[in-house]
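Trainee: Residue numbers (the working numbering), protein chains in the order written: chain H, 1 to 361; chain S, 1001 to 1342; chain C, 2001 to 2399; chain E, 3001 to 3251; chain F, 4001 to 4237.
It is worth saying that the hints were derived from the structure and are not from the lab.
Remember, it's a predicted structure, so these values are computed and weren't measured experimentally.
Treat the hints loosely; a few may be bogus.
[Said to hold, decoys possible] In the SDA-like style, the derived pairs of lysine to any residue whose C-alpha atoms are separated by at most 20 angstroms in a straight line are:
id	chain 1	residue 1	chain 2	residue 2
1	H	Lys187	C	Asn2130
2	C	Lys2209	S	Lys1336
3	C	Lys2212	S	Phe1308
4	C	Lys2088	H	Leu37
5	H	Lys178	C	Asn2130
6	C	Lys2178	H	Glu165
7	S	Lys1236	H	His240
8	F	Lys4188	F	Pro4094
9	S	Lys1336	H	Lys187
10	H	Lys187	C	Glu2193
11	S	Lys1336	F	Glu4213
12	S	Lys1140	E	Gly3142
13	C	Lys2212	S	Trp1179
14	C	Lys2129	H	Gln88
15	H	Lys178	C	Lys2088
16	S	Lys1336	F	Arg4115
17	E	Lys3105	H	Leu330
18	C	Lys2089	H	Pro229
19	C	Lys2089	H	Cys309
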Amino acid sequence: MQLKPAKLINILFILFFAVVLPVGNMLGLVSVNSISLWGRYFCFAIAALGIDLIWGYTGIMSMCQAFFFCLGGYCMGMHLLLKATALQQQLLPEFMTWNDITTLPWFWEPFHGFVPALVLSLLVPAAVAFVIGYFIFRSRIKGVYMAIITQALALSMYLLFLRNETNLGGTNGLTNFKTLLGFELHKPGTKLGLYLVTLAMLCVAYGCCYKIVHSKFGKVLQAIRDSEPRVGYTAYRVLHYKLAAFVVAAALGGLAGMLYVPQTGIITPGRMDVKASVEMLMWVALGGRGNLKGAVIGALLVNCVYSYCTSVFPQGWLFILGMLYILTVLYFDKGFLGLFEKIGSKIGIKTNSERYATGSK
Amino acid sequence: MELLLKINGIKSGKWTGPKWLWPVILAGAVLFFAVRVATDSSGTYVQNLFSGISLGSILILVSLGLAIVYGLAGIINMAHGEFLMIGAYTTYSVQVFFTNVLHVQSSNWFFITALPVSFIVAGLAGLLLERLIIRHLYAKPLESLLATWGVSLILIQTARSLFGDLTAVKLPEMLAGGWRVNENLVLPYNRLFIIALTIVVIIALYRTLTATRLGMQIRAVTQNRSMSACLGINTKRIDAMTFFIGSGLAGLAGCAMTLIGNVVPDMGQTYIVDAFLTVVIGGVGKLLGTITAGLGIGIFSKVLEAFFEAVYGKVLILLLIMLFMQFKPRGIFPDKGRTAAD
Amino acid sequence: ACNSGTSKTEDAGKDSTAANTVKIGVLHSLSGTMAISEVSLKDAVQMAVDEINAAGGVLGKKIEPVIVDPASDWDLFAEKSKELLTDKKVAAVFGCWTSVSRKSVLPVFEENNGLLFYPVQYEGEESSKNVVYSGATPNQQLIPAADYLMSAEGGGYKRFYLLGTDYVFPRTANKILKAYLLSKGIPKENIIEEYTPFHHQDYQTIVSKIKKFAVGGKACVLSTINGDSNIPFYKEFANQGLTAATCPIMAFSVAEDELRAMDTEFLVGHLAAWNYYQSVDVPENKKFVAGFKAFCEKKNLPGGAKRVTDDPICWAYTDVYLWAKAAEKAKSFDVDKVRTALHGLTFDSPAGTVKMDDKVNHLAKPVLIGEIKPDGQFSVIWKSQGLIDPQPFFTLNKQ
Amino acid sequence: MLLEVNELAVSFGGVQALNLQHFQLEDRELRVIIGPNGAGKSTFMDILCGKTKPDTGSIVFNGKPTRGLTEVQIAEMGIGRKFQKPSVFPGLSVYENMLLATRMKKDVFTSLFSRMPAGVQEKIEAMAERVGLTSALHKQAGALSHGQKQWLEIAIVVLQDPRLLLIDEPAAGMSDREAEKTGELLLELSKQHGVIVIEHDMHFVKQIATKLVSVLVNGKLLMEGPFEEVKNDQRVIDCYLGRVNAQLEKL
Amino acid sequence: MEPTTLLTASNIITAYDQSTILWGVNLSVLQGTVTTVMGRNGVGKTTLLKTIMGLQKAREGQVTFKGEHITNLAPYKIARAGIGYVPQGREIIPKLTVQENLQLGLEATPDYKPRMAEEEIYTLFPILKEFRRRAGGNLSGGQQQQLAIARTLISGPALLLLDEPTEGLQPSIAIEIGDILRQLVTTKGMAVLLVEQKIDFAKHVTDYFYFMERGKMVKEGNAATFDFNELQEHIAV
Ligand SMILES: Nc1ncnc2c1ncn2[C@@H]1O[C@H](COP(=O)(O)OP(=O)(O)OP(=O)(O)O)[C@@H](O)[C@H]1O
Ligand SMILES: Nc1ncnc2c1ncn2[C@@H]1O[C@H](COP(=O)(O)OP(=O)(O)OP(=O)(O)O)[C@@H](O)[C@H]1O
Ligand SMILES: [Mg+2]
Ligand SMILES: [Mg+2]
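In isolation and in its complexed conformation, chain H is listed as follows:
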């Protein structure tokens, strides 16, 4: 019985985004711009789910989610750029010609095909996360130390991606994409399709995360967050669990990046600077850490406010966003989800919000 209103909210959410918006678009009430805007927010929401998994549930502050996001994004971007280049009957992407590069660098080769690109944009972030995570967790780096080491990683990668030597377009990144699987990217139909795919992927990602955190695995993650040594004494291989969570989070980041690029039309190192990762943490924290819905809501809300206010209040939007953060903290102690709950309990709806706990410290 208790589950019902929460399910209702889920259904309403899906109904609104899967039916109302697209139909609105077809009727000409909703511009295709807003549609693809929401598509991009969904990508952020997917990445935020990853952060919630690793930070909210496992208590590991990872400051390189934006880097994983970009890895996924670059993989897809490379594919799109190769396709666009082929379409213009050129051998090499434009920026390579400028940089006096005569043959396609070896690591670009796999991205000619769509399927390899798709697989790689999940696999590359996951593999990188696996290697990095293995060393970090093995030497028992925790807490802020973990935050700093991942930040250092993100920062150094950012600096490397900025270089032309890496053959990934330097500061300008990858842009000027034309088609995806033969569909022209700027066509409204393609945009709507991408939007729907992203929405579906968000739902799938949410479902997976939901399963994960409600399985015993999820409980172990929460236990690690609250008292890691105890988990070890209880004979769980903490390293494996953390690593698994980290890799899943990275893969979610990659997935998000992969979906993001065709909708945005550009991917640059700017997406992975330190601030970008911190902002992702902020979405989750604002929405309600340790709660999957919170992560989604936080990501959607902040980006919505960001887009809206930079257009409508170009001079003052930072005040608005800043106040949003401060007020949320001061008045709704469980993030934005806390507010919804408060309203819910006021009007008598009982949501089955997952229990939120800040842990022992």
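Since the structure of chain H is already known, use the hints to place chains S, C, E and F with the ligands on it.
Mentor: Here is chains S, C, E and F with the ligands on its own, set in the frame of chain H:
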């Protein structure tokens, strides 16, 4: 990699090799450097060393306030950089006041005045932040992260709309130019001044924290707020003091920063990443660690930069830091024994 | 942004012929790292709009600027340009500073056939029919500067230190410069190339390298250092005892607006290459400078009457007039018609008379080498003869 | 032989916290360790479960050496630990605490994909009943009182079903009657497991010390013997029991 | 001479968020006596002490100390008014040295002077002297307990709140602490409010007993007349 670690006597992040190895390596490095410096006629090494110390002292100066607020009060203050910015703008305002209102010609006086003023102004701003927001959040470090992030956005935009985007402070006459050691080697006064200022601040802070009652109260409150209260410590007052000192130090750093850089609304963001790096590498809550880390990063960066391009120097230092954390996962000076247990 | 509904009714009450307005987009970062440079451009555009509106508007319509803040976020540039073009249906967009932001919006403009006025000097290698490039192409800034420095008049420099921030413009600029210098017989070992990350603040090592480099004499620095890194660089330069006499810095990204913030004593004698300075002595400029200061004061902008103009500000301002003039000529706001009208158009800009190229959307304009004066202004010490034609795709053999 | 320890030594900052020549424990033996505050009892357990690395010495558990292994590896070999300061999963409910502890495959894949083995729930409920936490089963563990946390931690260790249980001061913060219940539980456990208990409560020690009691003083083993012998030893009385001995006589 | 009432708590109701723990507790402590509260795990003994100390806000009810209201005052004010607190779990400041921890005890005194000479403390707890330069957090459990007690004694509080002070102490020291408490109570007129589960120890030191169940006092009486057998039965439930 596995093999490499074994050879070095390092396993699962713990040093199991001979204990004397690190000091010997360190002493060797120092000796090597000392010999190069002594036999160095072109001044390159002294120059690099000086640059390193100078950069290190800047890092330390910027990080000390953070070390207090974060390391001692446990608050991840995302707005720390903005207090630096407040300090810098205070210095700028003092300069404007001196030239436009008091019509003082010499550019020395405004800077001398600005040092304490920027400390106090930034400190008061920090106090205000603590009273209005942080005070509610001591039990919730996560929320403080969010709130201070919001504050930082607001402060940046406020500065932007008050001061515009580009301002800089005049270099005081007494700090212009440099000390000409020999024809190849000039040590700029502004950098010498920052090094001196850093030393003074370190000593003052160290004494305050270790040798005074206030210092003990601060440390006690940080580690166990409610028990400290039960022992009769006015925790509110101590929290406020801690924040005042921490933010004030950031302000002071901002004032010093005007000697070498410009004053822009988001100048804090430039320094905050490095500052966090320094504080954490040193080991949270360890003043000595912050100092060592600051100097270490400073000197290493400059040595690397002499051989590689600045960009790769920066990448290398970051990679080095990551490698270092493999062996010292809790900073240079970790807590030992039971106090370390989480 | 004012509510178009109410303004319509108001206008209708006042003047029925000016019943509607034409929208333009202003796409300059008002926050984030690029705000430091771009805010002034937004101000310049707004000033031009105000002037044109005061003079009766374009084709009888008042210009209504739609100002958005892409927040130095390259993805947001793309998003905002889509919004401006498709939702707001603006007639033209004035904006961007960095190459990456321009690259980010370029596909959007091409897909929607919009028109972007881009007022900053850039690295070339691009010429879209949907972008009007009013800033300098490499040959309108870099080459004359190098020529000047090598000439006897300029000091006959033989050793060049190419220093830049690590991104596309400095990279390409230095590539062109290096090739050019080599072609002029400068030996390889006399050219050093070096880059620093964005927001680099610590120039100790680099300045000491330059110092060593300068010991050989006849050395100069060609600087493409960007934004906030300039102040620490020049301060360090002076503090380590280098002067314009021993080793001048020729800057391609330092203009009056940046100097406003610097301690100019140490900068005196250093050089820059632009197409415009505040000190340019033509009546249009006098009016422009005075107008800009008055505008800033009236609008209570930070800096007020102390604000200065510089090259990008000049072109941002000029862009609006160019567009208005072309629209008048085309008698339409239609992008294709305006573009056609633009070609060959001449305009008396604050920098003097400039002429839009017949084929590409670039300006032919004068090149000026300036020397920094104690008051933060430039005195023009060399001026190109006549207008220099744009060469977006610069190749050496064309020279 | 379940556990055999030789020449085990560790020092902290120059102070020898533990210097144990020899210690051994039979399978299914319940051993009580007593000794003054700071004698090194908890340190001994810390070493056994891998929390502290010893300076020298050998530990053989169940025929295999454990030195150099991590906490997890040692736990997997079958050593469970209850700490002096209660250590539970504060963010999870009491039920979830117990569920995580319960013996089953604990690798990532099983936790992710497998269903709960049958009978686990009943087992947990029975245990909750036993430690008096039935009514608190769905409370968050962090919100329990001190004594309740003690109980919960005991339950966690027992559900883990290790070969050897290391129990540090289980009766602290419990009333005499509850301590007695704990004693019964431990005695029962010792029928199938090896158990080492540290305690200062002499009533409790008396109750559970069916075989040997070891006395640690200043990191060294002072003596080992049956409870009666130990409690009457003058050295033990001098440095540890004090007048309690006299009270014990009265009982 | 009739002993004065030092502390009274009347009708205290305390709750953590939604769950109410204390349901109207009444209690008083006379000057120069040891008053003991007993009760099973989780009935709210610790919560009661926390409420008196101001760590947990009382929803209803009043606490008066020396005739003045101290209900819900800030803890440091209560400490300075003369109430010393030895919490369950010791709460040593882990990274301060033993000596610094002791020195913190002085914060409650108005003049920052010890009421009990440091040497006196060290003779009571010799281990603290030996370890005075070590980090408090590194001490063994029992040593920390000794430190926690010493830390409060040094400020000479008028009322001492002790939450299961014998926990983790070796028997001889537990007895010694009992002796010290009696001594302080009789010679210096200090009052003690003790929460204890070990009946032996409680009997040894207590003048007046309270028995608590589910957030309420259900039984009280003088040590001499208190029926412990009945109590044992209660606890055994
Ligand atoms: N990390 C450390 N640094 C310094 N001394 C330590 C450290 N850990 C333990 N000690 C010291 O080692 C000794 C043994 O401590 P341990 O906790 O094993 O005692 P214990 O026998 O369990 O005492 P108790 O009965 O009080 O719990 C104590 O004197 C303690 O102060
Ligand atoms: N922080 C908290 N949040 C919510 N409930 C709590 C909290 N602390 C304690 N409780 C609950 O309050 C009740 C009383 O706790 P309290 O610590 O006062 O018990 P106690 O009588 O001291 O028990 P013990 O003898 O075990 O120390 C318990 O049921 C406990 O679950
Ligand atoms: Mg112990
Ligand atoms: Mg209790």
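Trainee: Which numbered hints does this structure break?
Mentor: 2, 7, 8, 9, 10, 11, 15, 16, 17, 18
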